[in-house]
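Asker: Chain by chain, the residues run as shown.
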Amino acid sequence: MSSTTITRVRRPGAALQRRRTALAGWLFVSPAMLLFLVFVAGPFVFAIALAFLKWDMLTTPEFVGIQNFATLFSDPILPQVLLNTFVFAFASIVTHLVLGLLLALAVNRVASRAIGYFARVAIFFPFLISWAAVALLWKYVLDPTFGYVAQYLAGIGIEIPNFFADPAWAMPAIIFIDLWHTVGFTFIIMLAGLQTVPSELVEAARTDGATSWQIFWNVTLPLMSPTMFFATIITFIGAFQIFDPIQIITRGGPQNSTTTIIMYLYEKGFQAFDMGYAAAVALLVFLIIMGVTVLQFIGRRKWVHES
Amino acid sequence: MRKTRRSGWKVAAAVITAGIVLSGCSAGGGGGGGEGEPDSGDLNFVYMGDADQQKAFNALFAEFNKKYPDIKLKAVGIPSGNWATFSTTVATRLAGGQKIDIIQVATEGQRLFASKGILADLAPYIEQDQDVVDGYWDDISPNLKKFNEEFAAGPEGETVFIPGGFNTMAMYLNKDVFAQAGVAIPEDGNWTWDEFVSAGQQIKEKTGAYLVGAGSGYFADVMPWLTTNGGSTFNEDWSEPTYNTSQAVESAEFARSLVEMGLAPKPGGQFDANTAFKQGKLAILTGGRWPVLGVRELDMVDKTVVVNWPTKTGNGSPVGWDAWNIAKNSDNKQAAWTFIKFLMSEEAGSYFAEIGGTIVPARESVASSAAFTDNAPEGSTRLSEAMDFATPIPSIDQGAEAQKVIEEAWATIIAGQGEAQKTLDAAQAQLEKLVGE
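Protein chains in written order, with our numbering: chain R, 1 to 307; chain Z, 1 to 437.
Hints are not guaranteed to be accurate.
[Unchecked claim] Away from chain Z, derived, C-beta distances all over 10 Å, residues of chain R:
1. M57
2. L58
3. T59
4. L142
5. P144
6. A165
7. L194
8. I234
[To be verified] One-sided excerpt, in silico: chain R residues whose CB lies under 10 Å from chain Z:
9. W55
10. L136
11. F146
12. P198
13. E200
14. G252
15. E267
16. F273
17. F297
18. G299
19. W303
20. V304
21. H305
If you are wondering where the hints come from, they were derived from the structure by calculation, not from laboratory data. Only a predicted model underlies this, so the values are computations on that prediction, with no experimental measurement involved. For every residue, glycine included, the Cβ atom is placed at its ideal position computed from N, Cα and C.
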């Protein structure tokens, strides 16, 4: 048997053609690359460099080596701040996943198309409102004297806590407001995930006599696990960087009970004018988010059903 | 070879990126610039003002442009919750490379900007127009000139600011609510803490209205209660905090008692004080000159009277004043000085007061004229007269951090979340640490 040798025939201008193709590709991705360089890579590199400097934004920066990192590990307020942030992030993940899933299941079962569409819009609508408007709105609604909640409940003899002035209630209030504002996004993700559950599997389980709960637990949930995995990651990343409602409503108070890591970073950078230390905190945030995300990816093998 | 070349490109890209972004890490503007011409050129002016205030400022700038059409004034109003936030915003813009020729800086930010060496020495300009400046000094409160020298000088003691309008704190009383409750309004504008509480109890009983709001703003809430009891957050030269003295504790406890007695709405949320004032649910608005805009909008000018803050040991009020300066790196320092001279003028002061400026004019002649008192509540001149007993709002270099500590402690106390002495002791320790830095 003779072997056929395949000889590459070099057409004239092939190299030029390949370069042109490559150039076209680079040109197509260049806008996105430019945006990435300017708004992501550039600031990231800048932050790393800044973490080794002492800079107050108004005078010339001074190289201080690892002093900012040393301060980071001996900062007495940082543990409380990190605890607040993790509490918020964990509560956010749990509430968003549970409520988002329940809402998606409920809307998915609605027979009427019109009602279904209305429900989707109504649930997602708060997500479209800016954080500034949402925070101010809830500040008025939950005012302990003139707010609607206080006034109506006072009418039936119930006195509400002073949500934003009581350290025990401030963080739960922020968690609730965040849930109201952003559960619509998780809901949409869950709803999209529900559409990927093959109806024939559900029918087959029903035919075999499975109850609704059994269908949900053994069929729907496992098949939804990739979606839930995605929602967990996105929710954690967003929740860990929460800033807007805290800056507007509580400014990190009362008594640092709602000071989260980004709020702390803002205070250090833009109020204490210590940009170097703020950059070190920013790097810590990056490492934590990256570390948790990696752990989540490692953990996915245990609970995410890959079909 | 290909792999090496590819890695080399990657390294080069990273280095170039780092170089480009690190070049953004520059000082905010400490030197250079040029004199330019006195009646032409571009000027960038940054000031604090929300949407309403910007309308008044823009009208003022239009007047300037009529007089000096060849000076292209670009004025940017930055709405900020307070002066500390404004100073932070301006510092960020300077760090970002924005050229600003004149920055309106209030007391809360003056030491910060002055200490960084980014403002030009105004002595040569003052000298070149000594008559104009002397005329201005003669028409402003001697205290204002003194405060400017004491608290807002440059690192070598040079003059870097010209003080502008100011605000003190007073109370705007709803005449109808007081009349309905049968409570007499102090004729000379003075009353004591005890008389204030009695008035509040009577108003609550007869009308159901709250007496006054209970906030924790450094200037608008903390300092008035401290200064009317002989206290303050810092000592006279701002070198030591005095936030846990017996006077401070007594003041904080008094402010808390207003909430406990039901004379002030519970703090913590947000409510529309102006609407409550109009509806007769709130008897008093507090503020400097700025509540006048709201009072006018509510059509309550004739139904409102301005009185002094109630006293425990004597009259007291914080005072904060605007100041104008020229940035060292301005390319048009002469034009900037022309604009500052305009702002100092009686004409500008009167015009600004008429159109709804939210500060008390620096010039006493304007503050006592119809420009300031027309379409303003009776007793408005008390805001200017308060300069005689006012205390400059202590504003150390770490102003924003100090303000947070002060406000947080006060908020804790008036919300009933912490005992006054203990809370103020903790705040005092934090302030001592800040001063020591």
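Asker: What are the numbers of the hints the structure violates, in ascending order?
Answerer: Numbers 1, 2, 3, 4, 5, 6, 12, 13, 17, 18, 19, 20 and 21, in rising order.
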